[in-house]
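Visitor: So the protein lines, in turn, are chains A and B. Going by this note's numbering, the first sequence opens with residue 698, and the numbers climb by one from there. Going by this note's numbering, the second sequence opens with residue 598, and the numbers climb by one from there.
Quick caveat, the hints were computed from the structure, so don't treat them as lab data. Glycine residues also receive a C-beta, built at the ideal position from the N, C-alpha and C atoms. Take these hints with a grain of salt, some might be off.
[Claimed, not checked] Chain A is faced by these chain B residues, among others (derived, beta-carbon under 10 Å):
#: 1; residue: 626
#: 2; residue: 820
#: 3; residue: 826
[Stated by the list, open to error] Keeping only pairs whose Cα atoms sit at most 20 Å apart, straight-line, the calculated DMTMM-like set for lysine to aspartate or glutamate is:
#: 4; chain 1: B; residue 1: 721; chain 2: A; residue 2: 706
#: 5; chain 1: A; residue 1: 710; chain 2: B; residue 2: 719
#: 6; chain 1: B; residue 1: 823; chain 2: A; residue 2: 706
#: 7; chain 1: A; residue 1: 830; chain 2: B; residue 2: 719
#: 8; chain 1: B; residue 1: 726; chain 2: A; residue 2: 706
#: 9; chain 1: A; residue 1: 746; chain 2: B; residue 2: 755
#: 10; chain 1: A; residue 1: 707; chain 2: B; residue 2: 854
#: 11; chain 1: A; residue 1: 710; chain 2: B; residue 2: 666
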Amino acid sequence: MNYRITTGEKIFKICNAVILTFIGLMAILPFIHVFAKALSDNSAVISGKVTFLPVGLQLGNYEFILTKSMFLTCFRNSLFITIIGTLLSLFCTVTTAYPLSKVWLKGRKFFVLLYIFAMLFYGGIIPGYMLMKSLNLLDTLWSVIFPFMVVPFNMLVVKTFMEGLPESVEESAKIDGAGDIRILVSIILPMSMPVIATIGLFYAVTYWNGFFHATMYISKPDLKPLQQYIYEMINSANNINNNMSVEEMLKISPGGVQAAAIIATTLPIIIVYPFLQKYFVQGMTLGSVKG
Amino acid sequence: MKSETALSDVISYDSVSKKFIKYLKNHYQMYLLLVPGLIFLVIFKFLPLIGLTMAFKDFQILLGNNILDSIFKSPWVGLDIFRRIFSSQDFISVLGNTLIISVLKIVFLFPLPIILAILLNEVKNRAFKKTVQTVVYLPYFLSWVVVFGLFFTLMGNEGVLNNLLSQFGFEKVNFFTDKELFRPLLIISAGWKDTGWDSIIYMAAITAINTELYEAAVVDGANKFKQIWHITIPGILPVIILMLILRVGYILNAGFEQIFAMYNPAVYDVADIIDTYIYRKGLGQMDFSLGTALGLFNSVIAFVLITSCNFISRKSTGKGIW
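One chain only, chain A, in its complex shape:
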């Protein structure tokens, strides 16, 4: 009896490990392929010889996107959007979440309701566009930052976290006569660092990955963020070879350049992700469902 169970368990364990390894490979192999392609020789890319290892190792594709294309300009735009956007968003989110985490705050329900309504009811693509147009924000980087200033979901996550902080920590500061802002800055903020890190990452990913707003609001080539640049590059494979020598054109291929651009766009996320995974997961379990 006992023996039978252990055999069964062994088989289950092995099957499970095989299935999970397969799933893990499925998640990662597309990257490895694109990574290999980006480093491969033009002729190998065109003839489809590249699978998971670079064929005819060379850096021409990267050289091209870094020197001969708008990649760096767009990269800078994305960096600006992500850094400035995340900082501003964090500021607004924390300053909103703290007052709303206080049960005794008069008007709390009303304000919370405003944010929940904003989360559930979308004004629509056209009114959003008209707004940007009337505010003269079209063709500015602000047009893709402002709509995400306070993501209600993120604000509610921070609020829930702050509600869990013990009221007693504020008592001594209150006796000293500290105002609410000073309590927030000197006591609540340091204690909320885990949730701020999590939400900061969510904002950063949202800003870095966003492309639909840019498609609607930004048409100047030198203001486009990276995602839009890549999107256009994939959809019009032929527009890469302006002002290049024949020699250079032999070295690179549309497929290889696309691959290099995809990798370069994803690299910032792939680099920081393993270190910050903890915070991401924390945020998911913290905020997804309210009891």
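For this one, chain A is given, so just place chain B on it according to the hints.
Guide: Coordinates of chain B only, in the frame set by chain A:
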């Protein structure tokens, strides 16, 4: 008696207003803190609602000195635009596509993270478990443009898959322009991106199950499958029901960013959803009133669906998204 009550009312009223002044004095900073967020909320979330009046007007952008003026000056047309939408063939087609893609995604993708979480939970080797988790969460953090790029490199006309097919003498399959294959492509890429991440919530639910139940089951001689079937699944059933109800609430959300990034004119028939249609008609062809009206229709239905599903979920499981 009567006058006494009145007197105490006056006193209490007076003390209430005094209390309120004291409250404001102590906590005006709280309201100050709310200001930056509210400014953005009002400008970027509530101001566009004025624009919704375009749905009931024949909006002409050049009528006034600025957009707002044009909105005011444009003539009211009542429900004409809605009538035009509801009687058009396009509307039926895009509504159908939205629902079909959404339902396909629920049917094929909803069970996957549950299965993944159960399998991951059975792994005892911590390093292996952690590695698999790290790897499967990763795609969630990629933009749809990058996912499009990855899948295009894999399954596009010159992609690795087609190279293999032609090497073995088969005909090339173009997933991105084939009407039969584009929806499966949407489902597969959405599953690739989100399955790992979505499993987190079920992992958390499994962790909450009392381990004594498993110990008792082992004593009773239950094998792994029986344990999963009789303990794990019933244990996370409330969370499964909750997630399913909420997912159904978002049924009009067929994956706008994904489709917007991946589709092309060859597959409009099967992939054009309400949002992409609004974008092309409303902004591309500048039929602003139509875009606004269809958007309003979409938003109102979505709002009703989500709030009712949240209500149902609160009633049945005690949990909701707010």
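Visitor: Each hint should be assessed against the structure and marked as holding or not.
Guide: Taking the hints in turn, this is what the structure says about them:
no. : hint          : result
1   : 626           : holds, 4 Å
2   : 820           : holds, 5 Å
3   : 826           : violated, 13 Å
4   : B:721 - A:706 : holds, 12 Å
5   : A:710 - B:719 : holds, 8 Å
6   : B:823 - A:706 : holds, 12 Å
7   : A:830 - B:719 : violated, 54 Å
8   : B:726 - A:706 : holds, 17 Å
9   : A:746 - B:755 : holds, 11 Å
10  : A:707 - B:854 : violated, 43 Å
11  : A:710 - B:666 : violated, 69 Å
The structure fails hints 3, 7, 10 and 11 (numbered hints given earlier, in ascending order).
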